[in-house]
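Chain by chain, the residues run as shown.
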Amino acid sequence: MAERTMIEAIRMALGRALADDPDVILFGEDIGIDGGVFRATDGLIQRFGSGRVRDTPLSETVIAGMAVGAGATGLKPVAEIQFMGFLYSAIDQLANHAARLRNRTRGRLTCPIVLRAPYGGGIKAPEHHSESAEAMFAHIPGLRVVIPSSPGRAYGLLLSAIRDPDPVLFLEPKRLYRAISEEVPDDGRALPIDRAIVLREGADVTLVSWGAMLTETRAAAETLGEEGISTELIDLSSLKPIDRPTIRTSVAKTGRCVIVHEAPLTAGLGAEIAADLAEHCLTGLLAPVRRVTGYDTVMPYPRIEHHYMPSTDRIAGAVRDVMAFA
Amino acid sequence: MPEPLAFLDAAGRVVGDLPDFARDGDTLRALYTAMVRARAFDTKAIALQRTGRLGTYASSLGQEAISIGLASAMTEDDVFLPSFREHGGQLWRGVTLEELFLYWGGDERGNDFAGPRQDFPVCIPVASQFPHAAGVALALQRKGTPGVAVTVGGDGATSKGDFYEALNVIGAWMLPAVFVINNNQWAISMPRTEQTHAETLADKAIAAGVPGEQVDGNDVVAVRAAAERALARARAGEGPALIECVSYRLGDHTTADDASRYRDEAEVSPHWKAEPLIRLRNHLVVAHGWGKRDEETVLRSCDAEVDAAAEAYLAIAPEPPRAMITHLFATLPADLAALAEDLADG
Ligand SMILES: Cc1ncc(C[n+]2csc(CCOP(=O)(O)OP(=O)(O)O)c2C)c(N)n1
Ligand SMILES: [Mg+2]
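Protein sequences appear in the order of chains B and L.
Just so you know, the first sequence maps onto residues 1 to 326 in the working numbering.
Just so you know, the second sequence maps onto residues 1001 to 1346 in the working numbering.
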């Protein structure tokens, strides 16, 4: 079987969804003949036609708002926002409409839509092209936020997001688009939504991360393993809802937790996880919960962005700290 | 600038070549009755709010002809996406008085109306309904149904990007959508003249390559005639339209507003002579033998119907607390499911 990168796996999932369900429709900026700026939709317009793979005028408000209207009227829109930095003008439609329509009509109208957007830094993109604003969206009741971390999980989670009858924001760690490949069968199998994934089991410290930061977090885990520190690695995967039981169970076992995210510290999702552990696992904790995150600053331009992103060293250092806590 | 399309002047005199539907007495009586009914609802809603039995309410006083004219031109295939001031159109399309009271009374079940099931509920974030209408139109077009998406926003709404951006896409994609502006001259305290330097709001369609037309929004015949034409074009695949209905907000912005802070009675009073009910009644009297008895019968039956609906609404118990959770998702995530259980016990 052929190995697939994440971008290929996403394209494969989109193709599968279009083939399986005539109500699925793709729209966004430059997703047609250009195949999307990252080529997520490359070749799909040729296979499915310009009626189902549509280039929109340049308007994020319209992309999100049109998804709401079309979703409530029988289609299943899978819309692309070119970069997360341009998602902010769609937040009104997500927060005020997509996330509320089912609730405010008591189930009469629903919003089975997916908004896909590449997010995160590390690819030397211009300003506004490298943000990690997932916490802002995870704060919105009624909206699911999903972030995959491997080609296989991108395929399975995107299919589950598309098949889900409610709105999902699907954030793609663009640093991973072409960084790793693995065998991904095009078997139409969705992964369960709303779940964290235990990537490796360990005894001493629980590491929680998501998206591209799993690369550095995993590398730190390897280094620490050589030092005799056994880490359990959790891919949060579903940022809303948070799979709290999986994290609590792990921390109950290890007694220690380090959370790693690229987004800024304050009011990031690490804070929510740390608070949850303080509420539910306090007596089992052997050390304070630590967060290793981006700084509370604007995403720097590419020449120094690597100083912003949590490094393997910073992560490993935090783990050594919690291990050394008396 | 051409005069807005009109068939009945403020006194109810015929000023144009009446369209066929407007020569039919039954049709005109139905339109008139619908406007009386919407106004009766309005009066009752304000009374209920003043006595603490309804939430903040946006009156449609003086603008009844707009959404009733529109709705009367629509079919069951069409989808209506109202702003917060278009109760008359919702009622015409089959939303019940009781459901409207329930919504404005602060109960989500008011949006779960028994019919028309495909219509959108009231839209509060100004202008955000325009992109929805583009999406509805896209879905109708793709599904091959003959429906058209019809949405209404205010004069203030035409200053928002949502309006321009959605207008642009319905033009670019030739979608079956009709955008309607209820130009009631005010956006809370902001008069139309300060809202934009554009000569008419219909002119805003020009940049999008969409036909725009200004009609007398107090003339239900003109509104319906323009809507029928636009809907027929959209249904035939000939593209979208923008209709600006010029009217006037005779009441406060909402029950939470006090318009005397920013406009004089002298500004308002002349507009009472141009409001939509008087002119149609005058025309009915002259052209269709409408008499005092007809008038009293309609008034009495609308009031009675509205009173009964209000009583029925007031008798409905609020939902249990868990209702704020249980409708959020088709399948509740585990933590919300547990919360819903807790609230049920609570
Ligand atoms: C986006 C947004 N901004 C502000 C408000 C508060 N607000 C409610 S109605 C209104 C004025 C709307 O004026 P217009 O569009 O002319 O509609 P009208 O109320 O006159 O029917 C404002 C500012 C809102 N609901 N939505
Ligand atoms: Mg107004």
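Source of the hints: derived by calculation from the structure; they are not laboratory data.
Errors might be hidden in some of the hints.
[Said to hold, decoys possible] Stretch-level coverage of chain B by chain L, calculated; a stretch enters the list once three of its residues show a Cβ under 8 Å from a Cβ in chain L:
hint, stretch
1, 70-77
2, 105-112
3, 127-135
4, 215-226
Ideal Cβ positions, reconstructed from N, Cα and C, are used throughout, including at glycine.
Consistency of the hints with the structure:
no.: 1; hint: 70-77; result: holds (count 7)
no.: 2; hint: 105-112; result: holds (count 6)
no.: 3; hint: 127-135; result: violated (count 0)
no.: 4; hint: 215-226; result: violated (count 0)
In summary, the structure is inconsistent with hints 3, 4 from the numbered list given earlier, while agreeing with the others.
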